[in-house]
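Please take these sequences and the hints and turn them into a complete structure.
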Amino acid sequence: MKQRVSALLREKLGREVVLEKPRDRSFGHFATPIAFSLAKELRKSPMVIAEELAASFGDVEEFASVESVKGYLNFRLSENFLAEYASWALQNPAEFATQKKNQKILLEFVSANPTGPLHIGHARGAVYGDTLYRLAKHLGYDITAEYYVNDAGNQIDLLGLSIQLYAREHILGEDVEYPEAYYRGEYLEDLAQGAIEKFGKEIFSDESRQKELAMWAKDEVMKIIVKDLGDTNIFFDTFVNESGLYADWDRVMQKMGDGVYEKDGKVWIASEAKGDDHDRVVVREDGRPTYLAGDIVYHNQKFERGYDHYINIWGADHHGYIPRVKAAIEYLGYDSSKLEVLLSQMVSLLKDGEPYKMSKRAGNVILMSDIVEEIGADALRFIFASKKSDTALEFDLAEFKKQDSSNPIFYIQYAHARIQTLLSKAEVSKDEIANASLKNLGEQADTLLFDALLLPEVVDDAFHSRQVQKLPDYLKSLAASLHKFYYDVRMIGTPDEAKLLKMLQVVALSLKTGLALMGIEAKNRMTKEEE
RNA sequence: GCGUCCGUGGCUCAACUGGAUAGAGUUUCGGAUUUCGGCUCCGAGGGUUAUAGGUUCGAAUCCUAUCGGGCGUACCA
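Taking the numbering used here, the leading residue of the first sequence gets 1, the next gets one more, and so forth.
No wet-lab data here; the hints were simulated from the structure. Misleading hints may appear alongside valid ones.
[As the list claims (entries may be wrong)] Straight-line Cα separation of at most 30 Å, DSS-like style, residue types lysine-lysine; simulated pairs:
| # | residue 1 | residue 2 |
| --- | --- | --- |
| 1 | Lys523 | Lys137 |
| 2 | Lys338 | Lys104 |
| 3 | Lys255 | Lys266 |
| 4 | Lys338 | Lys100 |
| 5 | Lys255 | Lys387 |
| 6 | Lys430 | Lys484 |
| 7 | Lys2 | Lys21 |
| 8 | Lys512 | Lys439 |
| 9 | Lys439 | Lys425 |
| 10 | Lys387 | Lys470 |
| 11 | Lys425 | Lys326 |
| 12 | Lys70 | Lys100 |
[What the hints assert, rightly or not] Cβ-Cβ distance ranges computed for the label pairs, FRET-style:
| # | residue 1 | residue 2 | range |
| --- | --- | --- | --- |
| 13 | Asn524 | Glu207 | 53 to 61 Å |
| 14 | Gly306 | Asp190 | 16 to 24 Å |
| 15 | Arg251 | Arg184 | 25 to 33 Å |
| 16 | Ser406 | Asn80 | 19 to 27 Å |
| 17 | Val176 | Gly257 | 24 to 32 Å |
| 18 | Arg288 | Val18 | 48 to 56 Å |
| 19 | Pro495 | Asn102 | 42 to 50 Å |
Just so it is clear, the structure is predicted and the values come from calculations on it, not from any experiment. Ideal placement from N, C-alpha and C gives every residue a C-beta, glycine not left out.
Encoded structure:
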């Protein structure tokens, strides 16, 4: 819709114009401040230019009116145009807001270490990533969701050790001394029990078998992680294991050429020359590659697989890591601007206004699965998708347990359900609704219809600006318009019933499509929450 | 110290990326409706957009400085 208007203006004015939604709908459907930017080169006042431009439009089929107000150019779409577009959307719901795109994108996100269940910080990145993924898919991109499994390095050894220590204390009843760093949490109990079945109790007391235990355990932990993600409607296309990458290290190191050098018995990458604070070690004195080496091989592999664009979603605590990875990509001979790193910020939780108590059994973190259990996956997704990912976030769990307008999920779902209820009570037939004309709806219904038809613009904008919160914001405001309309206008049994219900079908389509893009299923009926 | 993200009603967040009167929810108070609803709708109150300058037709948004906060500053991942 916007593209169509945009194209019209480009044709008319011979340049790209900024198109925006006026704050006040009485100004029209779309507006542009183009006259202001033209004022300087034409040496005329913006008002005059706007007047002239408005007059020059004359009769265009798509517009009911073009007006100039205080230098702005305001467009009102014609009923014909809106009605046709709406009917098309109802007949082609799958294509609503979709377009074929010829771009391959690799999206890497979550990538949490397989040393324990996901916590609340991971959840934010996971929801952000998955929402972007759904948006891109819907927009027609060829996008792949990938999880990088850090199944090598010290933290895996630590996992083996942690299970042994846990089992020796709680299962074998020994006195054990814990080192400074080790993992804790209820999941260790399950892992220990599983290990007994698999290996027998002896494995806990044999330090030389720590590695064996760890390699088994990290796969088990990955199963937990994949389940947690699945419970939240998040799925990955591919998993890449860090441990499988190091075999390729020598070749990749060669490939970087002058980008790496030897000094003090170690191998360094000359990242400072590419904007990093200083050069970094990639191979230690004892010959073991560092974590960075693994990431370099991984990114080389990504580029060799050949995508047009790469998106990584990292926790904000990794932001200092970006320059060195970009440096490596350039030494490998690739265009580092193809890699886009999005950061997701920290999360803190409130419950009834008080800081959320850390779960004791989980050690010192809040588990994603606990939150899902408490408020449901839909609410969790909604919260994290609702806020800009680059700002720190605080939220109150209590807000999402209520059944009223303060709970946006309930509010939106209720809007959708209300429409379904009305449709089921309709006194006119399905055919009558389908064949109804969407013209002469009246101003309020017209506005609602227009709002519903904005979904494609919102989806497009949300993805390209990487600001997924625009989608839930839009859904909230669409739901509000619907509730207001429902309150103001009686539909069943009136002469306009068929056309109004048809209009509501468009609203329902946008709500349902929008919710699906957030990984949430639209409900046809609100059910009381069982205690 | 340096890097980086940020600072918007009492609280949690928006603001179409430089546009029209800075908007929602929550809280408080008052009203309306009761077309399946435990809902829903309307109104009122609340703002020098951290502070001070600058850029221009126009700034919450861009630039500079100051103040305050998060994160980072590993041969850990």
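Outcome of the hint check:
Between Lys523 and Lys137, the direct Cα distance comes to roughly 23 Å. Compliance with the 30 Å bound is thereby established for this hinted pair. Only pairs whose Cα atoms come within 30 Å are accepted, and Lys338 paired with Lys104 is accepted, the gap being roughly 12 Å. Taking the CA atoms of Lys255 and Lys266, the gap is about 18 Å. The hint holds against a cut of 30 Å. Distance check on the hinted pair: Lys338 and Lys100 sit about 21 Å apart at the alpha-carbon level, within 30 Å; holds.
Only pairs whose Cα atoms come within 30 Å are accepted, and Lys255 paired with Lys387 is rejected, the gap being roughly 41 Å. With a C-alpha separation of about 25 Å, the suggested pair Lys430 and Lys484 falls inside the 30 Å cut-off, and the hint holds. In summary, the hint linking Lys2 to Lys21 is supported, as the alpha carbons are separated by about 10 Å, within the 30 Å threshold. For the suggested pair Lys512 and Lys439, the alpha carbons sit about 24 Å apart, so the restraint of at most 30 Å is met.
About 23 Å separates the Cα atoms of Lys439 and Lys425, which keeps this hinted pair within 30 Å; it holds. Restraint check for Lys387 and Lys470: the C-alpha separation of about 9 Å stays at or below 30 Å, so the hint holds. Proximity of Lys425 to Lys326 is assessed by CA-CA distance (about 59 Å); at most 30 Å being required, the pair is judged violated. Between Lys70 and Lys100, the direct Cα distance comes to roughly 39 Å. Violation of the 30 Å bound is thereby established for this hinted pair.
Separation of Asn524 from Glu207 is about 58 Å and conforms to the stated range, judged on CB atoms against 53 to 61 Å. For the hinted restraint 16 to 24 Å between Gly306 and Asp190, the CB-CB distance of approximately 40 Å leaves it violated. Distance hint check: the CB atoms of Arg251 and Arg184 are about 40 Å apart, inconsistent with the given range 25 to 33 Å. Between Ser406 and Asn80, the C-beta spacing of about 40 Å breaks the proposed range 19 to 27 Å.
Range check, Val176 to Gly257: Cβ separation about 49 Å, and the 24 to 32 Å hint is violated. For the hinted restraint 48 to 56 Å between Arg288 and Val18, the CB-CB distance of approximately 54 Å keeps it satisfied. Checked against the hint of 42 to 50 Å, the pair Pro495 and Asn102 passes, with Cβ atoms roughly 48 Å apart.
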